[in-house]
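Chains A and B supply the protein sequences, listed in that same order.
Oh and the first sequence: position 181 is 181 in this note's numbering, straight run, nothing missing.
Oh and the second sequence: position 195 is 195 in this note's numbering, straight run, nothing missing.
Calculated from the structure, these hints are not laboratory results.
Yeah, the Cβ is synthetic: ideal placement off N, Cα and C, and Gly gets one too.
Possibly wrong hints are sitting among the right ones.
Here are some, though not all, of the chain A residues that point toward chain B, as calculated from beta-carbon distances under 7 Å [unchecked claim]:
no.: 1; residue: THR40
no.: 2; residue: PRO44
no.: 3; residue: LEU45
no.: 4; residue: VAL47
no.: 5; residue: TYR49
no.: 6; residue: GLU51
no.: 7; residue: ALA56
no.: 8; residue: PHE60
no.: 9; residue: THR182
no.: 10; residue: PHE189
no.: 11; residue: PRO202
no.: 12; residue: LEU203
no.: 13; residue: VAL206
no.: 14; residue: LEU252
no.: 15; residue: ARG253
So the chains spell out like this:
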Amino acid sequence: MLRRYSRLLGVQLRASSLLAMQYRGDFLLEGVISLFWTFTAMVPLLVVYGERQAIAGWSFGEALLVVGWFTLLQGVLEGAITPSLNGVVEHIRKGTLDFVLLKPADAQFLVSTTRFEPWRSTNVLTGVAIFVYSFHLLGRGPSIPGLLASVVLLGTSTLLLYSMWILTVSAAFFVVKVDNLTYFFQSIFDAARWPSSVFKGPLAFVFTFLIPLALMTTFPAEAMLGRLPLRALVAAVVGSIVFAFISRRVWLRSIGHYTSAGG
Amino acid sequence: MSLRNTVRAFPSLLRVGFSEALAYRAELHVWVLSTTMPFIMMALWTAVARDEPIGPYNAEGFVGYFLATFVVRQLTGAWAAWQINYEVRQGTLAMRLLRPISPLWAYAAENLGAVPMRVMVAVPVAIFSVLVVGEQAVPREWWGWPLLLVTLLGGWLITFLANVCIGTMALFMESSNHVMDVWLVLFFILSGYMFPVSLGPPWLSALVDWLPFRYQIGLPVEVMTGRHELPETLLLLARQWIWVLVLGTLAVTLWRRGLRRFAAYGG
Chain A
1 MLRRYSRLLG VQLRASSLLA MQYRGDFLLE GVISLFWTFT AMVPLLVVYG
51 ERQAIAGWSF GEALLVVGWF TLLQGVLEGA ITPSLNGVVE HIRKGTLDFV
101 LLKPADAQFL VSTTRFEPWR STNVLTGVAI FVYSFHLLGR GPSIPGLLAS
151 VVLLGTSTLL LYSMWILTVS AAFFVVKVDN LTYFFQSIFD AARWPSSVFK
201 GPLAFVFTFL IPLALMTTFP AEAMLGRLPL RALVAAVVGS IVFAFISRRV
251 WLRSIGHYTS AGG
Chain B
1 MSLRNTVRAF PSLLRVGFSE ALAYRAELHV WVLSTTMPFI MMALWTAVAR
51 DEPIGPYNAE GFVGYFLATF VVRQLTGAWA AWQINYEVRQ GTLAMRLLRP
101 ISPLWAYAAE NLGAVPMRVM VAVPVAIFSV LVVGEQAVPR EWWGWPLLLV
151 TLLGGWLITF LANVCIGTMA LFMESSNHVM DVWLVLFFIL SGYMFPVSLG
201 PPWLSALVDW LPFRYQIGLP VEVMTGRHEL PETLLLLARQ WIWVLVLGTL
251 AVTLWRRGLR RFAAYGG
């Protein structure tokens, strides 16, 4: 079972990389645009910190770490998650999801691995560069156990992002015209750019439990700074597994609503 | 494509646009949900301003500002760039060209047709804003109300015409969606959507004064929350409408030139 799926993953990866080699020109363009985006998106941060030394207990250098994690995860999202799942939306609309469902393998696995766009992951490198710069600003290095914890959290964050995408895509089974789901998702994810302690009241609840943005960027940044309690780390791991489980159930239920409907 | 025909057909086109918006109301709700950025920025800025005000804005001022931003974004939305890109690539633009009215008017009508549905979202938010922050949320002088309408119209026109300009570029290159991405980034940062433009460093405010973005969101919001005196408002209004004229001319020119290159593939 496991061997079969890993072989399948290999095949899909090879197909994607062949495709990616074909569109090398895109690499430069996409890279330039995402660099441009990353740095322009920092303007509000600069404006905020132009007014204050620290916000909700986060200095500029520390908040920059959160931005770094945001950028890195955006790279993961755009390189490995959105390309395939955008295809699902298209499949649902055209009714061609049949061909996927007919194949003798798990449909969620198949649709999640159809396409990877390695060129789009320039943001991962930008994110790492931002880490280096913010530790330079802070004038110290990351704590070593914290660094290990943040690697674990990279895994949980990716899992959370993926599960959130599966939930969004599941909505495509119910809403007819869904080109804008990507924008919807991105606009929510955008809030992860800020340290979560900025948000108070209902928003804090939403961003921790319903849409776990706090877990994705603020926790790893805190881990790097060596101030994330062990309890929070465990909670993040358990929470992301629960979230993934829920999204799997929702996916299975939504797929039951798929009616093919040619065209 | 005489002017008379256009004027006669436009109300029907608007009705069609409205029916379409009504038919795809679920999609519209997704759109509305994806414009929640003002609420996030509101949370952020009120947190920053909790202890002492920043420039002219205290915490309440920020609440009023960003609720107004949400309202203005709802009312000035346009998506013609993606529409044109899609129709050029699919060749379906040919169908529009067959009609005895310029497709530009048809796009305008379709985009405007969604406004009534969006008003239904925007008005409750505006009322909520008045309840929360009181009179800071709406114009306090009588002239603020008519000028608000004029700036909203100007803001919508700039958004729509910029969409047409960028969409039309699809006739010159393979796809102009990347251009639109760049435009959107600049729009988010420089329009006052994420922070009031007056809070930026002086060089940024000076730059923003001469770019179109501020007149899409920032100006209507500032008029709605009564941030300017009358002379200043009129000066900004004049700049807004200069941009409307510039973009209008550019859109028509690009459209005429681009159309000569159009060959309906497939379709």
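Taking the hints in turn, this is what the structure says about them:
1. With a cut of 7 Å, the hint placing A/THR40 at the interface with chain B holds, because the nearest CB-to-CB distance is about 5 Å.
2. This hint holds: A/PRO44 has a C-beta 5 Å from the nearest C-beta of chain B, less than the 7 Å allowed.
3. The beta carbon of A/LEU45 comes no nearer than 10 Å to any beta carbon in chain B, farther than 7 Å, and the hint placing it at the interface is violated.
4. A distance limit of 7 Å between C-beta atoms decides the matter here; for A/VAL47 the minimum to chain B is near 5 Å, and the interface restraint holds.
5. Violation of the interface hint for A/TYR49 is found here, the shortest Cβ-Cβ separation to chain B being roughly 9 Å, above the 7 Å cut-off.
6. Residue-level restraint check for A/GLU51 holds (minimum Cβ-Cβ distance to chain B is 5 Å; threshold 7 Å).
7. For the restraint placing A/ALA56 at the interface with chain B, the shortest Cβ-Cβ distance is roughly 6 Å, inside the 7 Å limit, so the hint holds.
8. For A/PHE60, the interface hint is violated, since its Cβ never comes within 7 Å of a Cβ in chain B; the closest pair sits about 13 Å apart.
9. This hint is violated: A/THR182 has a C-beta 9 Å from the nearest C-beta of chain B, more than the 7 Å allowed.
10. The beta carbon of A/PHE189 is not positioned within 7 Å of any beta carbon in chain B (closest approach about 11 Å), and the interface hint is therefore violated.
11. About 10 Å separates the beta-carbon of A/PRO202 from the nearest beta-carbon of chain B, more than 7 Å, and the hint is not met.
12. Hint on A/LEU203 holds. Least Cβ distance to chain B is approximately 5 Å, under the 7 Å limit.
13. Interface restraint check: A/VAL206 against chain B, minimum CB-CB distance 10 Å, threshold 7 Å, status violated.
14. Checking A/LEU252 against chain B: minimum C-beta separation of about 22 Å lies over 7 Å; hint violated.
15. At its closest, the beta carbon of A/ARG253 sits 19 Å from a beta carbon of chain B; the interface hint therefore is violated under the 7 Å criterion.
Hint compliance for this structure: hints 3, 5, 8, 9, 10, 11, 13, 14, 15 are broken, all remaining hints hold.
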